[in-house]
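Taking the hints into account, I'd like the entire structure generated from these sequences.
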Amino acid sequence: MGETTLPSNLSGNRIRITIVLAAILALAAVRLPSVWYRMGGQDEQWFSVPGWTVAHEGLPRIPYVPVREPGSVFYGADRILFALPPAYFYVQSPFFWLFPPGYGTARLAAWAAGIFALWWLYGLMRTWNVRLSICLLALTVCAFGRAFYFPWQDTRPDMLCAMFGLAALALLARRTETTPSTSLWGVGACVGLGMLSHPFALVYALQIGMWLMWQARSWRKRLLDCGIAGMSALAAFALWLPLIAREPALFQAQFFGNVLSRSGPGLVSRLLWPWTYVPFQTTLIAERLGAYQLMLLVATLVAGLVAVCAVILRQRRASCPATEPEAAGTAAGRLPIATWLAVSALYLHVATLGFHPAKGYLCYTWAMLALLLAVLLENASRRLARPALRKLLIVAATFGLILVLAPGSGLRATWTYATRYREVNYNRQAFVKAIDQRLPPGARLIVSPEYVFEFELLGRRPLNASRLKLYHDVEGIQFDYLLASTQAFDEGIPEQLKCELAWTLGDSSDPLACYVEVYSPTTQTPQTRPWPRQDNEDKWGR
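If you count the sequence shown from 1, position 127 lands on 127 in my numbering, and the numbers rise without skipping.
Since the hints were derived computationally from the structure, they do not count as laboratory data.
All figures in this text were calculated on a predicted structure; none of them were measured in a lab.
Computed cross-link-like contacts, DMTMM-like style, restricted to lysine to aspartate or glutamate with a CA-CA straight-line distance of at most 25 Å:
id, residue 1, residue 2
1, Lys433, Glu517
2, Lys498, Asp480
3, Lys498, Glu475
4, Lys433, Asp510
5, Lys433, Asp507
6, Lys433, Glu423
7, Lys469, Asp490
8, Lys359, Asp490
9, Lys469, Glu500
10, Lys469, Glu491
11, Lys498, Asp436
12, Lys359, Glu491
13, Lys498, Glu69
14, Lys498, Asp473
15, Lys469, Glu517
16, Lys469, Glu247
17, Lys469, Glu495
18, Lys359, Asp43
19, Lys498, Glu517
Here it is in structure tokens:
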């Protein structure tokens with residue numbers, strides 16, 4: 001009997017895996033035109049060039065912010081970047097060996113991480129015996145969520161950090177169905193690599209620690225499991241130590257200023273009492289999700305909590321004794337765990353970030369929401385006796401979710417870049433080359449963040465256009481041209497530097513199109529500081 005059913009099971013698994021992989025790759029392909037052709041977005045100037053310098057020099061750095069003011073989080077970042085852990089930059093570097101350098105290539109690391117994140121999310125649902133149709137629906141909800149697809153198509157460490165968290169959870173869920181000691185080293189390694197991507201990994205590190213404590217049947221076992229996972233995580237995170245040992249003073253100035261100081265007072269106090277930060281983070285979450293997806297988030301969390309309460313009431317009415325910790329894959333265990341993961345992810349997101357104005361790390365919380373939605377649909381489906389009713393439930397859920405996800409799904413951007421990439425205004429690299437041809441050789445350029453990395457690749461040795469003293473302030477620096485776009489306009493840099501408009505290029509009426517205003521200094525422009533690039537790089541031995 002086993003000999004006849006095994007090949008059938010293997011064949012079914014192969015078909016299932018093929019379908020899921022095809023679906024994930026199709027979802028990823030939707031984002032590829034925007035990944036490749038779009039101009040640089042918010043903060044991408046910081047997370048693109050370090051991977052390129054790693055590929056060519058072995059060290060992450062940002063050459064176009066030669067900062068020497070101690071109060072800046074980028075103090076000495078043109079030498080070594082310590083403002084964030086470096087895993088993303090080292091993952092990013094092979095893409096610069098394989099593809100032409102630019103913002104598009106820099107984004108491929110996050111794009112690939114998003115593919116693996118969806119795969120690990122599927123692995124978690126598969127371990128919990130969620131049927132294929134619901135898995136595909138949950139993956140689509142995750143991929144089209146604004147919290148997920150924005151970091152998926154930007155060059156930031158958000159998605160890589162979330163991917164390691166999903167991998168750790170998938171391994172942990174699988175472990176509970178086999179032997180107590182399986183995969184703990186792997187779980188810890190994923191947590192450590194997540195911390196090496198961004199300190200936000202503390203969110204799922206705490207979740208996994210609590211899961212291990214809940215799962216074990218004795219204090220000795222709890223301490224052993226947490227100790228093994230913790231040692232593995234520390235070993236992975238320690239990969240950063242050799243780089244820190246090169247410049248410990250730069251590490252303290254950058255990392256402490258960028259991560260620890262900006263989140264607010266002590267982490268423990270934020271974890272125990274995060275309510276001070278709820279209005280601030282709620283505003284950021286609402287801005288990122290939009291009204292419809294915010295309602296989906298709240299409705300799913302409420303539905304999960306109500307469903308868990310219903311399970312508890314049914315157990316009490318049936319006089320069921322309190323169950324011992326169960327495997328996450330059992331019918332009794334998966335709904336409470338999925339609800340707890342989603343609720344705790346949101347709580348810890350607010351507590352760990354505090355006043356830090358980051359939106360990208362919502363991608364992990366959104367993945368937990370998609371997981372909870374899948375478990376809720378699976379449980380509801382199993383309560384329906386007739387197959388026709390089950391299909392009707394899935395169809396109704398699909399149409400309802402389409403109505404929620406379609407607004408703000410980014411499909412307009414995909415269509416625009418996929419159909420108009422031959423036009424200069426919708427092809428970032430062609431647009432930058434058109435600007436470069438109109439500028440004299442050797443000109444000292446201050447460039448808006450949307451294009452500064454591209455001009456660095458052309459050998460122009462620009463400075464990033466910024467007036468924020470926390471990062472880099474170009475006021476008073478001698479220059480020949482200011483290339484201003486949306487981010488420079490938002491800071492009011494042309495007005496503050498008292499420049500005059502020389503010429504423009506691009507289409508200012510379409511936010512998806514490239515656009516630049518080129519300014520030249522006037523007699524009123526403050527130019528009291530020398531151009532820092534050449535002098536500074538000679539000083540550092542570059």
